[in-house]
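Working from the sequences, and respecting the hints, build out all of it.
Chain by chain, the residues run as shown.
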Amino acid sequence: MPPLTVYWALVRAGFRRYSTYRQATVAGATTNVMFGFLRTYGMFAAAAAAGGVLAGYDRPRLATFVWVSQGMLATINIWGPPEYAERVRTGDAVTDLLRPVHPVWQLLAVDLGRAGFALLTRFVAPVVVGALAFGLYAPARWSTYPAFALSLVLALLVTFGCRHALFCSVHWLLDVRGPMTAWVLFSTLLSGMVFPLWILPEPLPALVVYGMPFASMVQAPMDVLVERGDPLRLLLTQAAWAAVALPAAVLIQRRGERKMVIQGG
Amino acid sequence: MAEYYRLFLAQARGQAQYRASFWFDVAASTGFGVIDLLGVLVVFHASGSLGGFTQAEGLLIAALAGAGFALADLVVGSVERIRNYVRTGLFDAVLLRPLGALGQLIAMDFAPRRAGRAVLCAALIPVTAVGAGVQWTPVRLLVAVLAPLCGAVLFGAIFVATATVAFWWIDSGEFANSFTYGGRDFSTWPATIYGGVFRRVFAYGFGFAFAGYYPALILLGRPDPLGGPPWLAWLSPLVAAVAAVVAGLFWRRGVRQYRSTGS
Numbered sequence: 001m002p003p004l005t006v007y008w009a010l011v012r013a014g015f016r017r018y019s020t021y022r023q024a025t026v027a028g029a030t031t032n033v034m035f036g037f038l039r040t041y042g043m044f045a046a047a048a049a050a051g052g053v054l055a056g057y058d059r060p061r062l063a064t065f066v067w068v069s070q071g072m073l074a075t076i077n078i079w080g081p082p083e084y085a086e087r088v089r090t091g092d093a094v095t096d097l098l099r100p101v102h103p104v105w106q107l108l109a110v111d112l113g114r115a116g117f118a119l120l121t122r123f124v125a126p127v128v129v130g131a132l133a134f135g136l137y138a139p140a141r142w143s144t145y146p147a148f149a150l151s152l153v154l155a156l157l158v159t160f161g162c163r164h165a166l167f168c169s170v171h172w173l174l175d176v177r178g179p180m181t182a183w184v185l186f187s188t189l190l191s192g193m194v195f196p197l198w199i200l201p202e203p204l205p206a207l208v209v210y211g212m213p214f215a216s217m218v219q220a221p222m223d224v225l226v227e228r229g230d231p232l233r234l235l236l237t238q239a240a241w242a243a244v245a246l247p248a249a250v251l252i253q254r255r256g257e258r259k260m261v262i263q264g265g
Numbered sequence: 266m267a268e269y270y271r272l273f274l275a276q277a278r279g280q281a282q283y284r285a286s287f288w289f290d291v292a293a294s295t296g297f298g299v300i301d302l303l304g305v306l307v308v309f310h311a312s313g314s315l316g317g318f319t320q321a322e323g324l325l326i327a328a329l330a331g332a333g334f335a336l337a338d339l340v341v342g343s344v345e346r347i348r349n350y351v352r353t354g355l356f357d358a359v360l361l362r363p364l365g366a367l368g369q370l371i372a373m374d375f376a377p378r379r380a381g382r383a384v385l386c387a388a389l390i391p392v393t394a395v396g397a398g399v400q401w402t403p404v405r406l407l408v409a410v411l412a413p414l415c416g417a418v419l420f421g422a423i424f425v426a427t428a429t430v431a432f433w434w435i436d437s438g439e440f441a442n443s444f445t446y447g448g449r450d451f452s453t454w455p456a457t458i459y460g461g462v463f464r465r466v467f468a469y470g471f472g473f474a475f476a477g478y479y480p481a482l483i484l485l486g487r488p489d490p491l492g493g494p495p496w497l498a499w500l501s502p503l504v505a506a507v508a509a510v511v512a513g514l515f516w517r518r519g520v521r522q523y524r525s526t527g528s
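Quick note, the sequences are listed as chains W and F, same order. Mapping to our numbering: the first sequence position 111 is 111, numbers consecutive. So our numbering is basically just the index in the second sequence, starting at one, shifted up by 265.
Bear in mind the hints are in silico, worked out from the structure with no lab data behind them. Note that beta-carbon positions come from the ideal geometry of N, C-alpha and C, so glycine has one too. Careful: at least some of the hints might be erroneous.
As the list claims (entries may be wrong) - Examples of chain W residues toward chain F, derived with CB under 7 angstroms: (1) Ala-27; (2) Phe-37; (3) Leu-38; (4) Tyr-41; (5) Ala-45; (6) Ala-46; (7) Ala-49; (8) Gly-178; (9) Thr-181; (10) Leu-185; (11) Leu-189; (12) Val-194; (13) Phe-195.
What the hints assert, rightly or not - Facing chain W, according to a computed beta carbon distance under 7 angstroms, are these residues of chain F, among others: (14) Phe-289; (15) Ala-293; (16) Gly-296; (17) Gly-304; (18) Val-308; (19) Ala-311; (20) Glu-439; (21) Asn-442; (22) Phe-451; (23) Ile-458.
Set out below in C-alpha cells:
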C-alpha cells in the first residue's frame, strides 16, 4: 500500500484542479440558487395546502431541505460528467492503471479534493442565499452538527461508489450514455432532489429511503440536518450503502480491467 | 430554404442510422417527461391542491408548458452546444458558409431523438383538459393548439438568448440552464405559488407564465387569481413574438462579438 502522503497529494491535486474552473463555479452556483427558489416556493405552497406542515417538515425545515440539498448537488457530484468512462473510451485510462495506486482509491482521493473545493464554494453559496431569503432551520441538538458532517461524507462515498460502479460498465459497453441516462432518471426522482421522499404515498417512503441507495445521497443527510427521524438509523443506512457501493465499485473495476480494450492509438 | 431542409433531412437520416441508439434516446426523452409529471402528481397528491389549483388543473398547466418546452428543445435545444463551437473555434466554419449562422446551427443539431417528451406532453394536453373538466368551444380548441406553439417560440427564444452568453463568457457552462430548464420547471407549476419579486421577474419579465399558466386559465374559464386583467391571458402570442425579437438581437450582438480562437 502506498504511503498516505500519496493520497494526500491526490486530494490536493483534485482541489487545485477544480479551483481553476472559476467561471464554471459561478455559473453552477447561480443555477443552484435559481432552482433553490423554484423548489422552495413549490414546497411552501404544498405545505400551505397541507395545513402548514408537509410530511413532518415545517417551513424552516423545508427551506433548509431545499437549499442545503441544492448546495450538496455539486459537493457529492451526483450528476457530474462520467469522467472515468470517458478516459476508458479514449484510452487515457492506461495512465490510471499504470500508477502504483489502485484506480478506485486514486479516483476517490481526487474526488475528495474536488468535493472539498465544492464545499467551500458551491455548497456555501446556495446555503447563504437560502438563509438570507427564507431563514433556515437551526438544529436543536449540538450533536446534529457532527452527525451532519459524517452524513455528508457518507453521502459522498455512496455517490462515488455507485457512480464508479456504473462507469465501469464502460468496459463492456464502450459507451456509458445509456447507464448514465438511467442514473439521472432514477437519482433525480428517488434521491429527494425533487421532493422529500416522505411525501410519497405509503408504503413507498420506507422502501425508497432504506431499500435503495439514492436516498443515502441526499434525503438522509437532509433529514439528519433538520432532525427528522432517528439520526442513528439514517447514518447506519448510509454506512450500509457505502459498505455495499465501494466494494462493488472495486469488484466491478477488477472484473472490468480484465475485459478492458485500450482504445486509440 | 431548400438548403436548410436538406440539412435537417441529413441530420434526421444520420440519427436514424443508429437505430437502437435512436430508440433508446426517444425512450429516455419520454422517461424524463414522465418523471416531471410524476413529480407534479406526487406533490399534488401530498398537498391536495397547490396555489388554488386542483391536481387535474395542475396537470393541464404542466402538460401545456411541457409540450411547449419539449417542442423548443426538439428544434433549437442543441443551440446550447454553441459554447463548444466558440471554445474550439468550430464556429469559424459555420460563419464561412453561405447560410445564416443560426439556421445552420439549428439544422446541424436538430434532434428528432428528443421527440419522446414532446409527443408525450402533446398527447396529454387533451387528456388532462378532459380530466380538468374543460368545456370545449372553438376558441378554446384553438388556444389548446396554439398554446404549445407559442410556448415553443418563447422557450426557443430563451434557448437562443441564453446560449449567446457563451460569446462573452466562454466557460458559462450551466448558466443557461437557470433559464432554460429553470424556465421549464417554473412554468410547470401554477404561477400563484411563487412569491413577490421572483414571480414578477420570471412570470412576466421572462414570460414563463404565458407558456402554461395563462393558456390553462383560458381553457378552464377561470379569472386570474393573481388579479391580472382578463386580456392578459390572451397575450401569449405577443409575448412569444417579443421574446423571439429580443433573442434575435442578442444573437446579432453575440455573433459580432465572436472572436476566433486564433490558433
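Taking the hints in turn, this is what the structure says about them:
no. : hint    : result
1   : Ala-27  : holds (4 angstroms)
2   : Phe-37  : holds (5 angstroms)
3   : Leu-38  : holds (5 angstroms)
4   : Tyr-41  : holds (5 angstroms)
5   : Ala-45  : holds (4 angstroms)
6   : Ala-46  : holds (4 angstroms)
7   : Ala-49  : holds (4 angstroms)
8   : Gly-178 : holds (6 angstroms)
9   : Thr-181 : holds (4 angstroms)
10  : Leu-185 : holds (5 angstroms)
11  : Leu-189 : holds (5 angstroms)
12  : Val-194 : holds (5 angstroms)
13  : Phe-195 : holds (6 angstroms)
14  : Phe-289 : holds (6 angstroms)
15  : Ala-293 : holds (4 angstroms)
16  : Gly-296 : holds (5 angstroms)
17  : Gly-304 : holds (5 angstroms)
18  : Val-308 : holds (5 angstroms)
19  : Ala-311 : holds (4 angstroms)
20  : Glu-439 : holds (4 angstroms)
21  : Asn-442 : holds (5 angstroms)
22  : Phe-451 : holds (6 angstroms)
23  : Ile-458 : holds (4 angstroms)
In the structure shown, no violation is registered for any of the earlier numbered hints.
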